[in-house]
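Enquirer: Residue strings, one per chain:
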Amino acid sequence: MLNEVAVLQNYLVIGAVLFAVGLIGFIVRRNMIVMFLCAEMMLQGVSVTLVAFGRYHNNWGGQMLVLFIITVAACEAGIALALILMLFKKSGKLDIAFWQDMREAGQPPFVDRAIPEERAEERVWPRLTPAGIEPQVDEVEKEERLHRSRV
Amino acid sequence: MSTLLMLIPGLPLAAAIVTAVFGPRVLRSQSHWPTVLALIGSFACSAALLYQISRQQPVEPGVETKGFEYVCRIWTWANIAGAYDQPPQPGETPQSVVAGGRRDFRIDVTLRADALTGIMLAMVTFVSSLVAIFAVGYMHGDRGYWRFFSYISLFVFSMTMLVSVSNFVLLYVFWEAVGVCSYLLIGFWYHKPEAAAAGKKAFLVNRVGDFGFALALFLIWTNYYTLNFHDESSVKPAFGSAAVASGAAESGNTPPPGVLSPSRIEANDYYGGALGLAICLLLLLGACGKSAQFPLHVWLPDAMEGPTPVSALIHAATMVTAGVYMVTRCTPLFLASPDAQLVVAVIGGFTALLAGLIALTQYDLKRVLAYSTISQLGYMFLGLGTCTLAGITAGMFHLFTHAFFKALLFLGAGSVMHAMGHVIDMRRFSGLRKIMPVTHFTFLAGCLALAGVFPLSGFWSKDAIVAAVHEKAYPAAHESMAGAHAPANEESDDAASHARPTPETVLPLTDDQRATIYGCLFYAALFTAFLTAVYTFRAFFMTFYGPERVPHEAGHHAHESPQVMCVPLAVLAAGAIFVGLYFEFTGSFAGFLQPLLPFAPHAHEINLPIAVTSTLIAVSGIGLAGHLYLGDAREVQWLTSLLRFDWMARLADAGWVARLKQLGPVAAVNRAARAVGLGLLATLVGYVLLLVVLILAAPLLICHYFSPYRLSYHKFFFDEIYGALVVWPLRALAAVSFWFDRWIVDGLVNFCGRVPPAVGTLMRSLQMGLVQFYALAMVLGVLILIAARMFGLGG
Chain A
31 MLNEVAVLQN YLVIGAVLFA VGLIGFIVRR NMIVMFLCAE MMLQGVSVTL VAFGRYHNNW
91 GGQMLVLFII TVAACEAGIA LALILMLFKK SGKLDIAFWQ DMREAGQPPF VDRAIPEERA
151 EERVWPRLTP AGIEPQVDEV EKEERLHRSR V
Chain B
681 MSTLLMLIPG LPLAAAIVTA VFGPRVLRSQ SHWPTVLALI GSFACSAALL YQISRQQPVE
741 PGVETKGFEY VCRIWTWANI AGAYDQPPQP GETPQSVVAG GRRDFRIDVT LRADALTGIM
801 LAMVTFVSSL VAIFAVGYMH GDRGYWRFFS YISLFVFSMT MLVSVSNFVL LYVFWEAVGV
861 CSYLLIGFWY HKPEAAAAGK KAFLVNRVGD FGFALALFLI WTNYYTLNFH DESSVKPAFG
921 SAAVASGAAE SGNTPPPGVL SPSRIEANDY YGGALGLAIC LLLLLGACGK SAQFPLHVWL
981 PDAMEGPTPV SALIHAATMV TAGVYMVTRC TPLFLASPDA QLVVAVIGGF TALLAGLIAL
1041 TQYDLKRVLA YSTISQLGYM FLGLGTCTLA GITAGMFHLF THAFFKALLF LGAGSVMHAM
1101 GHVIDMRRFS GLRKIMPVTH FTFLAGCLAL AGVFPLSGFW SKDAIVAAVH EKAYPAAHES
1161 MAGAHAPANE ESDDAASHAR PTPETVLPLT DDQRATIYGC LFYAALFTAF LTAVYTFRAF
1221 FMTFYGPERV PHEAGHHAHE SPQVMCVPLA VLAAGAIFVG LYFEFTGSFA GFLQPLLPFA
1281 PHAHEINLPI AVTSTLIAVS GIGLAGHLYL GDAREVQWLT SLLRFDWMAR LADAGWVARL
1341 KQLGPVAAVN RAARAVGLGL LATLVGYVLL LVVLILAAPL LICHYFSPYR LSYHKFFFDE
1401 IYGALVVWPL RALAAVSFWF DRWIVDGLVN FCGRVPPAVG TLMRSLQMGL VQFYALAMVL
1461 GVLILIAARM FGLGG
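Here the protein sequences line up with chains A and B, keeping their order.
All the letters of the first sequence, read from the start, carry residue numbers 31 to 181 under the numbering used here.
All the letters of the second sequence, read from the start, carry residue numbers 681 to 1475 under the numbering used here.
Read the hints as simulated data drawn from the structure, not as lab findings.
Hints are supplied without guarantee of correctness; some may be wrong.
Looking from chain A toward chain B, a few residues come up when the C-beta cut is under 8 Å (computed) [what the hints assert, rightly or not]:
| hint | residue |
| --- | --- |
| 1 | Leu-53 |
| 2 | Phe-56 |
| 3 | Ile-57 |
| 4 | Ile-126 |
| 5 | Ala-127 |
| 6 | Trp-129 |
| 7 | Gln-130 |
| 8 | Asp-131 |
| 9 | Met-132 |
| 10 | Arg-133 |
| 11 | Gln-137 |
Predicted model, so just to flag it, every value in this text is computed and none were measured.
In this text, a Cβ means the ideal position worked out from N, Cα and C, and glycines have one as well.
For reference, chain B alone in the conformation it holds in the complex (with noise of 0.2 Å):
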């Protein structure tokens, strides 16, 4: 098991280093061997280890199983003997932490194989593998062809090497890893001013994101003394020899449990309160930056300046999934602190509707499939924030098929892309289904999925989050259908409550009021449901049906894409049609995950209220999508403008004023002071009315400035908030420093280097040249020592 575990990740990183060295000379046009071999073959390794998973923990829903981890080391980064010491805090200290001692600080370097990393080692392998075979033929040409395969190697060795490790360091090293690789590949073109500024957003972004995280360490390392998610006994050597890893008996003192280990979760050793909520939070700062939630999702929209296929794997599938896999990976971080899971349960749900209140207006087809990126990130997290084993589990297996039909909806993007000549806007192209018949099935597959249509995959994990809110928001009515339905199932809930302290919180909430809390999340949720299938089916309908247009871009040879194309397509489609529908039925993904996670196991049941409600939703909003785009496009217009208060505009008209002056009573009193020879009156008439006109007019102005549908098309002005509040500030601050440095420390340095010539420039006219001189001042030089001596000077 421990072979698989290094050649997943080693197959990828090999394949790297080969193409980086050979790529530009002897490859060449044929670099993208060795790395989709590599993918495929780290792929089938997964599924090997995914099956090896499974048969050591076996699957029986409902049922208590004991967790199957396995950890190995490969070899020890660091370690620090006794670099820590740590006196025991009375009262505050938990059970574990041990008196007295000092403690080794110690980076093993070790890969774990459990029912999650399982998951998404494999879910990570066979997108990636699809997209790099999808890749073969959308980057044909290329003139960094054997640069992009490459980056793509190092990004699945990282990425992989991030769900697999069992150490917050080299989480962390990894996490950064993922985005150094994510700014190489958005910054792809990088002779396109937009691309390279796209990647250095994405990267700063995600800076602020990771300076969380790393904080997060920080306070980790210092409450409970390790960075292992695991226990130092259950380490095995990853070659043969145990001597090496009898590493705790070395030092002669006993290592903390690992912070996520299963003896911590035994005993339920964690801190709440004020300390667990910053840890918490500062964890979730760290995967709002990864995952693009909230306050850092400004990143995702531009990273669609990479190549496609990059979009498709990084942005949909793999990389901003770490921030909802770390955030699942800490649960029982999160568990100990109620008010971060409220926090994690908002930011998810505001997320999901504000991405999905943006994807409404845009005409890039990218942009709106990364806004819906966003918005379905947002509802795994509204589902994690649950902190149930139905909202977890739920998170995860969102994350699951959303891999499958976001990265086939950003494939079968670039395939659009790839025929239209690299034109994306959807105002410029439409009607494609004939042109494109096997892009156009697979994108409604897709579309289908993602607006959560009955028995396709994305149906099946939306349902399972929304209901999960549900339960959080209305537990008397859950318990008392679960109470009806098994009455045993209440007896062991009633068991995990006792031996579950209930966590002290900081908010100065009631439960009644975060249950309300919870109750809003899931109306946004619905709500965010229905936007979801109302921008899904704006832009399929935008591209493929209407008239037929084709930019001028295509040339005449607007086609359907190669074989190597579409077969990645049609396999990532099969997988988001009936990807769901086996693991519902199956009922095994809540199983496979519930023994590493803190709960006690829960029977899947389907709530069939809801799940008929979110469907009536989504086929209800792809019935608007389908009355507004397929058909007159009037009606679009009337809408868009009422959205866009232009009524207000017309309001707000400045001609008011002509037509003011020659209203009735005005106009006579301006006739009037005519007549008298006051024209000077008239005109100051006219000027308070112009002013009276202004104060009335200015509130409808800003109101039709950001009236709904300029909010939405001009993303809440996201990015000119951040550039008043954040760019500018730090840009001044640039400048100013800039000068200091240019004119005052750089000034001093030369000053100091311009002395010694000066000086030497009064001595340089004595170096004549001519030997008589020189001769002549010796001799002077002489006679006045000689004088002073002879006077009794210098003793």
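In isolation and in its complexed conformation, chain A is listed as follows (with noise of 0.2 Å):
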């Protein structure tokens, strides 16, 4: 009986170090796929907890339920780096703070790093040649244009 306990003291003490390990993960790393990581972790360390239990009540009602959570697990590992794919697409990045502009309006964004001002010296255009004919401009069409924009 004793020994029973220690068992299942030593599967907790694996669950809850998974779940804090992945927890951590997740909080303070900023790639997705490392967070995507992290978080599967949380879920196995919950699984292991979950087995340990039902091998200690001789219920097999913690199996099962593992069983279902690494099926949706995987169905979620899928969904998840595919959504992990399209954001990569649209900005080429992995970092998860890059995403922080779809925060409330009016917040003040998060920096971590501040880009230097670009200073008004710096700023030289290279300046070439004039070559060709001078288009004519027509002067109806311009005003007409110029109304547009406005409207």
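Fit chain to chain and form the complex, with the hints in mind.
Expert: So this is what it looks like as structure tokens:
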């Protein structure tokens, strides 16, 4: 009996460590794939705990639940990876902080490293020598375009 | 006959719809065709209807004939079974209100044909077809050409329905429809602010009258339990099957007899006393609004902002006669209340006099005609107010003749306006008789008819009204005359008076006092006849005589109007000359209307002394106008300055003070004061003198301000008085309401709307878009939950 409790404790410790590592990893990492892995790790921690309790209580419900969790986790992994792929295609980055643009309007952005201001003297544009025939500007059309742009 | 009855309003309605649909794209400058054809067709139908009515009801003056009426139901508009349950009140109930039973509230769309309707229909459609033809020339090239003819058709539809429906509710409906059309037509040139304002004014002033009319309808319903004119039993279905008509049998109880039905008139089953007076006065208020009588007359002169054919059609010939028609239709109600008759007569006589006085000094040709319309409508009400057979038929006769010559005069004014480039101020043109001969002669015919010169139509009708008032004022003289002439008549009068008990009165006036009031009205009517002649011919002479002057707006092409405008003028002129003569000598008008009205027949005779007097008065009025406006202009100026109380202004001149200071004793005192170095005292004396002079002069200045001329020129300040008493308080109230609505009601609503966003703003800073933060928040939340669970919170 005592042995049973010791085995359960070992399993529970393993599950708690897995969950804690996954949680910390999820909170501190910004790479979307790593975050996803961490989430999976939390899931596994929970699964281990469930299996351990199931065995301890001699109740197969825990094992059943874990089978379901594994199935659902597989589907979820497919969807999550597809989403990550789409986000990567959109932005070219795996950094989740890039998507903080979707925050509430009017909130200050979270900047971890500010891009230095471009100074005026650095803004030098190359000058090209003009060539070819000067185009005839249709005054009327110009007016109209101006008007249209205002409208 | 029912087909004719439905065609008369149906044709203009169809024309209105066709013009409105096809006018702007397809018909364009040919938009007048549907309207003109429909109106002429409508007139032909009216004439056929009138002929049929007169065949059914033989006209023999002085012989009792049964009134002919034909009522047909087109459909039932509303039928609320058992809507009203009224237990009989003992003592007060008229015999006809049978005990018990719930009553249906039932509105049938019924049209009626009788003598009164026939005459009105013929008159309305005749005048409006001529006006429509005239408008083809007058409105030529206007941007809203099709719109104009569509409105005109719609208006004629409303007016023909108004005179042919047989139910008070429908009368009210078309009463309003006519008001709407008039609003549209007055404001036809809506881009002119005056026209828009005039349309609004007409509409609002009419609302006041309509309010009274609506109250009268409520009173009639609660006391007579029906709003039909006719008995339910006399209704014939418009479309064949008789089963539809037996609406009364379905509900199982007998409907009360119609308010104006022959059976009720036979039984003389009307409320008198205070209730009767209230009903009649409220009806009269409605009539006053529509017919521009004294308290509500202010809208008609402003309505001249509309196109001139509209003025001719609506504000002279047809719409304003709706009030007269309604009062005539309700004669049995008015007969039960002598006080109401008196009020009608007083309002009519007073309005006639007032409008005549105002018309004397107006310079706008159309405004003169507008006030003369008000004045003539006052005459009609005066005739109706006598409530004798002679008076009412005379009032209707005047309505009929007036439609001809007033439409003629307005169209003539329109012709002048057309030639003068829309200038209508009589000071800016004169001597047009060479330029516009046709207009000149037709206008002359209209003026003579309006002034009441012997053989023209206005003479006969106006004379009949004056004679009727005279008869009411001096009954003794007339009875002795009638007795001497025809003793047979006395018997029938006696029979009538036996059948009809004397109605109870409310106002504490004896018969003698009533007769005195009618006597005053008689003299007022005679004086108004004089005024009519003066102002009519003042306008005529100012326009067509004197040196030839044309305003520059007319350009170089001041010319006679085209044929399409001259022909209606000529037709109307012929009408103005001969219509009165015809009806007077056939004697058919009174005989035609008599069977409808609850009076014994009465041989018509001309009261020669009064006829001669009124003719003399008219001729002297014309003479005065001719003397003043054809002769020396200085006389007019002298008369004007006399009536303007210029001498008072001279008396009240402030320069007096200066002169007074130099006067002997005062000057001596001043010199003495200055000599001893008391300049202050001298100044003080000057101030005291100024004060004295001002106090003395104030009444003079006020008198000068309210001199007869200025009163007349400024229309007795009615617009200003109404503005101060009604318009400005209402505007202030509206401003307060606006402020309340804007800041209190809206403020509350906006406050409620602002609370959720304010709460949301507090939470907004949490939504920073960092997934890690969300995850952390979730973890913390879960930790809090677990901690709570561990420490035994939440069970």
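Enquirer: List in ascending order the numbers of the hints, as given earlier, that are violated by the structure.
Expert: none
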